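Protein chains: 4
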Amino acid sequence: MPGGQIQLAGPLRFDSPLASRFFVGNDAAILVDATHPPSGDVGAPRVFEAAGPRRRIFFDPAKTRAAVVTCGGLCPGLNDVIRGVTMVLWHRYGVRRILGIRYGYEGMVESSGVPPLTLTPELVEDIHQHGGTILGSSRGPQRVPAMVDFLVAHRVNLLFAVGGDGTQRGALAIADEIRRRGLSLSVVGIPKTIDNDILFTERTFGFETAVAMSRGPITAAHMEAKGVRNGVGLVKLMGRESGFIAAYAALASSDVNLVLVPEVPFAMEYVFRFLEERMQRKSHAVIVAAEGAGQDLVGSGGVDASGNCKLGDIGPFLKREIARYSTDSGTPLHVKYIDPSYTIRSAPASADDSVFCFRLAENAVHAAMAGRTAVVVALWNGHFVHVPTEDAVRERKKIDPEGPFWQSVLDNTGQPSPERQ
Amino acid sequence: MPGGQIQLAGPLRFDSPLASRFFVGNDAAILVDATHPPSGDVGAPRVFEAAGPRRRIFFDPAKTRAAVVTCGGLCPGLNDVIRGVTMVLWHRYGVRRILGIRYGYEGMVESSGVPPLTLTPELVEDIHQHGGTILGSSRGPQRVPAMVDFLVAHRVNLLFAVGGDGTQRGALAIADEIRRRGLSLSVVGIPKTIDNDILFTERTFGFETAVAMSRGPITAAHMEAKGVRNGVGLVKLMGRESGFIAAYAALASSDVNLVLVPEVPFAMEYVFRFLEERMQRKSHAVIVAAEGAGQDLVGSGGVDASGNCKLGDIGPFLKREIARYSTDSGTPLHVKYIDPSYTIRSAPASADDSVFCFRLAENAVHAAMAGRTAVVVALWNGHFVHVPTEDAVRERKKIDPEGPFWQSVLDNTGQPSPERQ
Amino acid sequence: MPGGQIQLAGPLRFDSPLASRFFVGNDAAILVDATHPPSGDVGAPRVFEAAGPRRRIFFDPAKTRAAVVTCGGLCPGLNDVIRGVTMVLWHRYGVRRILGIRYGYEGMVESSGVPPLTLTPELVEDIHQHGGTILGSSRGPQRVPAMVDFLVAHRVNLLFAVGGDGTQRGALAIADEIRRRGLSLSVVGIPKTIDNDILFTERTFGFETAVAMSRGPITAAHMEAKGVRNGVGLVKLMGRESGFIAAYAALASSDVNLVLVPEVPFAMEYVFRFLEERMQRKSHAVIVAAEGAGQDLVGSGGVDASGNCKLGDIGPFLKREIARYSTDSGTPLHVKYIDPSYTIRSAPASADDSVFCFRLAENAVHAAMAGRTAVVVALWNGHFVHVPTEDAVRERKKIDPEGPFWQSVLDNTGQPSPERQ
Amino acid sequence: MPGGQIQLAGPLRFDSPLASRFFVGNDAAILVDATHPPSGDVGAPRVFEAAGPRRRIFFDPAKTRAAVVTCGGLCPGLNDVIRGVTMVLWHRYGVRRILGIRYGYEGMVESSGVPPLTLTPELVEDIHQHGGTILGSSRGPQRVPAMVDFLVAHRVNLLFAVGGDGTQRGALAIADEIRRRGLSLSVVGIPKTIDNDILFTERTFGFETAVAMSRGPITAAHMEAKGVRNGVGLVKLMGRESGFIAAYAALASSDVNLVLVPEVPFAMEYVFRFLEERMQRKSHAVIVAAEGAGQDLVGSGGVDASGNCKLGDIGPFLKREIARYSTDSGTPLHVKYIDPSYTIRSAPASADDSVFCFRLAENAVHAAMAGRTAVVVALWNGHFVHVPTEDAVRERKKIDPEGPFWQSVLDNTGQPSPERQ
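Residue numbers (my numbering), protein chains in the order written: chain S, 1 to 421; chain L, 1 to 421; chain Z, 1 to 421; chain Y, 1 to 421.
These are calculated hints, taken from the structure and not from any lab test. Just so it is clear, the structure is predicted and the values come from calculations on it, not from any experiment. Take these hints with a grain of salt, some might be off.
Pairs count within a copy or across copies, as identical chains cannot be separated in the list.
What the hints assert, rightly or not - Calculated cross-link-like contacts (lysine to any residue; reagent style SDA-like; alpha-carbon spacing at most 20 Å):
id	residue 1	residue 2
1	K282	E122
2	K319	E269
3	K398	F22
4	K397	G382
5	K282	F14
Turn these sequences into a full structure, and let the hints steer you where they fit.
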């Protein structure tokens, strides 16, 4: 049941220093559900607090110290977010002490030995033209008390945590510890998931860039497939638990003939039958697989440093299985396998993602200065909102195999309904 | 007062042939206003009908004939829309007779002498990889009765009108004439405005591509400006009545120092003072002007074939005025003027716009097959909806100079508030 | 000893139909060695016959039948060459029967069952906008007599063989068999090697595009390397026996710290020591390896269908070895491995490669119509020339580890001289 | 009569500090004419001195001071050259004092008031990723004695002059004045002409990038032309006295139907007849005009700050004339005019141009350290050479309207031979 109460780091004691004519009212909110008639109960409508600048704020800009941390894998737009947070804190609120924590949560424990960077407008001015993150990143949690000690030691009042699921859970734990200690410190999350799989945000930054960057490898796979008799172009794209990138990339192209996503299980027989039929009709095929597709087939094991299940690698698995089938069946298939993941996720943000990142950063700063804590900023029903972090991390956003979007994908590729047969 | 009744071409007589598990319910709708508490009256909430496939449809696919027409200036995604409409009609509904009308409404009067193309999946398969429109386009209205005669003569049941404001007004006039004659014919609009200035649609196709394509020229202007002492890079972007492209392009870049949009009037003194100050501080400047900015200064005259006011050309005007100022003031300024409009609007759609176009086309086909007429398909509060055409064309969507978006732009460029001084 | 006699398919019986004022004279030639004083013997200077249109030609255009075949791996520009050959034959010589052989030499034996395409200006008009080859390709030789039978059966007079080393050897064998049978048939080669490793041609088509396309993956590797502590970006690029692509790509970028090429052997110790030093100084590194580098370390086995030695895969080998070293040495290194080969080789040609392909194709047609056979067209000392095929395939062009080019690379990366230690 | 004696700033007193196994011999040279039999006289062959590192050099690296100046319009690769010169001086010769002169020759007269930058490896490391020049540029000559005074005042020994024709004439004048004063100072030119119109260099940096960057606008013109009935896409490209960019761009594309270059005069009647015929056959056309084409028609006047003739603007002239013809003839033509010049010339260098710039810079440094003066570095017959500046500036390189290259262009566009009719 999303749309709960927003936590405040404390009372709103100061007038905003913003030279702005625009402030968001105290009760401004956005409906969680914009459909009509509303589904579910008929009580008071569930809402998210509207994001944006407040007339009254909690922190005194002259004394405020902020910190930004980027965690997990690379994602287009990380530098845009770092830049946006720095620019808005500095130029609009007059905050002059902004730390850039190195190498993710690892840099928030003193033992790491890597001191934070000092972020200034000069330093960040052009960083959004490059992919990656100037701060560096790392995977996995660190001890929460040690991280809060670090914040206290550096006299940080605002923490901006840029990262996925696990990172936001970490941020929530930090916020809880802060409350427990009775500190005045806001923790605001900026959800980062290239897979676009976080709840209650219509889009996440980097996703659109990732879809755009997938076009090249898919075209390459198509050319390679057509370049030989019975060529099979196979592309693995990001998408651990949700197949949005693979599905959007297929929709954005006319060259994909089969999309495999985590949400829709399949048997290898299904793939073989597809290939058999396709080779007879067209002599080539293009397959796009999300990295989390077919995990029941690949097998796997263990857990990575971020606590994510280690996935079996579906790309080489499919390549091997198709080669084996090629030998067994006597139909010689030539599989060309492309894994463009690093090239995609390290790209600079597209223009639209750049704008989105700036606005996310802006709203994150407004939220933090106004004392909101344990929230993430998100786009919902066309508006920027504050989503309680616990709502955002409750589960993943996934493709609904019964919904209109997946139907569009099936129509576009012409693939048979990939039900386990 | 948007959210009125949707017109139907007739009763829903047929079962949908779609091999889909997903159908939209009869009363599914999306709130016009997702904010809370809602602004305005407290009566029944205003809604737009939800778009999507219906279980019962009006037209018999076996007998249906469709036509697509593209009007007005080029816009990234036109071929995606043509392709999407053709693919969904053909593969999902089994419609086999689809006409592509040549050169806009001009091709809908027999006197033009250019017969329509016959659209098939083979013909349209790869067209979205190219910019422009394979059908050609033209500006301006044609006689409505002649166009309806054309539809009758070609036994067309579904007309898909892809175009802006003027085109949709034309489509409404055609729908009215059809009703007057008692014909069974659906007219569904797909709003096309690269400027993103149509009401009740969160985005329009091509806009995002246009913003992305603006980056190159802005970077060029920046390099040219820095390449000489007191260099001024001046870029004109699209935006006749709304400055969204210019504003987004500035937000997506760190290189723009002054944005001029139609919504915010300014005097040349304002520009001169900006330049004076900027040259002293930085020795170079980048200005982005929407084509409709400063029209009270440029002067203009007449009306073009589409009935749009002919704008005076702000780009050369600014270039001239700045050069004049340079001479008068003794500060030598070197203005490098870039007008990338044709290069931008003729580009192929970005990946994200491609997906958006396909989904618009899909929903337009569902709407038309289900007998909806005098509607446009749109994205509203994150959902695809049917907007009565008369709501969509009532006025333009504009930047609110008092709202948070324009404030973001001001913050990002650092420009002084451009009020007439 | 290059620069031998050019073979003729027969006497030059016809006047050229070209509407051109420009013809190449009978004795026009280009020096093999343009340095002064010339190296080597002091006899008559060695020359290559100049390429270009001749006033007198051997084949009667009205009766000529041509065939084009593309062999081996994909390479940017294949479609440009197919298009150029077709356009020049059709529009300039009036040849109306042009066959496009499917799937390489495989399509030249009747048993393959895939008939050739008929090439026309309409068919080829836009193919150069796409990567790959519209004809398809295959690896490996076919029986020479069967291929000559095929040419005879299809009444082909001109064969254009587009391919590497092995393909040109095949073309030579075909030309020999033709001469043995006393047929009037020209075989002209267009050297295709993305590795740029063919002798007596300053550049080969596709190479420049490949270098340009390598930039993205190298930048990605750089971002990934900097994105974590002690990150190592590892990129494998094409280059079986010659490291030109890897070396040029490193020169074109400031991000590469170590280049490994086949011409310069190294021990893993060398790589480890480099990493050790680099991590201490900079905490990240980018390594680019040509696919043929370090083959003595990787081990290998067998021969592929083209008769090329199957290389061991240096990319995964390095990744594994570095990971092992990371464990053993206690310095945790994070290797991100990128293999962009398919994406690079399937790209469309760059503008400059497109022009180069057209001019190669043009000169190949002039050569063939003028009866030259058993030659390849090439660029030498700035001029297009005819190189006897046997000269071209004698050995590979390689980087000279003692020459100025490799010195430039070492200077640019700052890597220690990679001598086996 | 090119290939004259190379001037030396003085005797070669020092051993090279290069850690290189490769040095160029004292008499190493490249033939001016690599054709055979050689055209012209039968005396001793004319040669250019080979470029590259020398074992003995003139300047003592420990005491050397260098300066780099960039003049004239922007050109892709300027930053690559600045970077290359700095890197090679610093890392290979150990030179520690390198000045970057601001805003062209203007920055070499004290009165300009803009002090030079100090160039270091850190400063220049990534500059080649951006277009433009970090030093800024300006047009036009400055007083030669004042510039030599500046060099003396800053104790500069090596001047690297990056610029075109006029810049190299200026460099020659500086070298002459230096000799007159008996100073020990080397002036080495790096020819910069995006038009590729300098004699005795096979290519100039930036040209290839310019051709590549022309593709987008030409495609846009094509799309705009096809987007309306009787559409004419008109693109103006760089090329004041030589039409190489326009001609190469047309060769690299299949969309251009008419190319107009300075070397081939034409009457407007020729253009009108072309359009008449083309509209009847295809209803659209694409025209590419070099900026210097048709100057006898446009009229002009005066001379710019660089001493170049001010050209009349052929683009708007053609647009106006075609519009006038459209009105007069009753054939309505819709002209879409694109001028992409600033966007092209301010782009970063392509990968291949980057490599070329680095190697030019390297050879310029070797030349200067070895005391060569009044020379430019160039690529000739596939080798880097020293060309006496007076040979290089004697006249322009132009397209030969009777030669094979222009014939290729005519064949590719299918345009009638553009002779004045």
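Do the hints match the structure? See the list:
no.	hint	verdict
1	K282 to E122	between (56 Å within a copy, 14 Å between copies)
2	K319 to E269	within (14 Å within a copy, 33 Å between copies)
3	K398 to F22	between (36 Å within a copy, 17 Å between copies)
4	K397 to G382	both (17 Å within a copy, 15 Å between copies)
5	K282 to F14	neither (69 Å within a copy, 35 Å between copies)
The structure does not agree with numbered hint 5 stated previously, though it agrees with all others.
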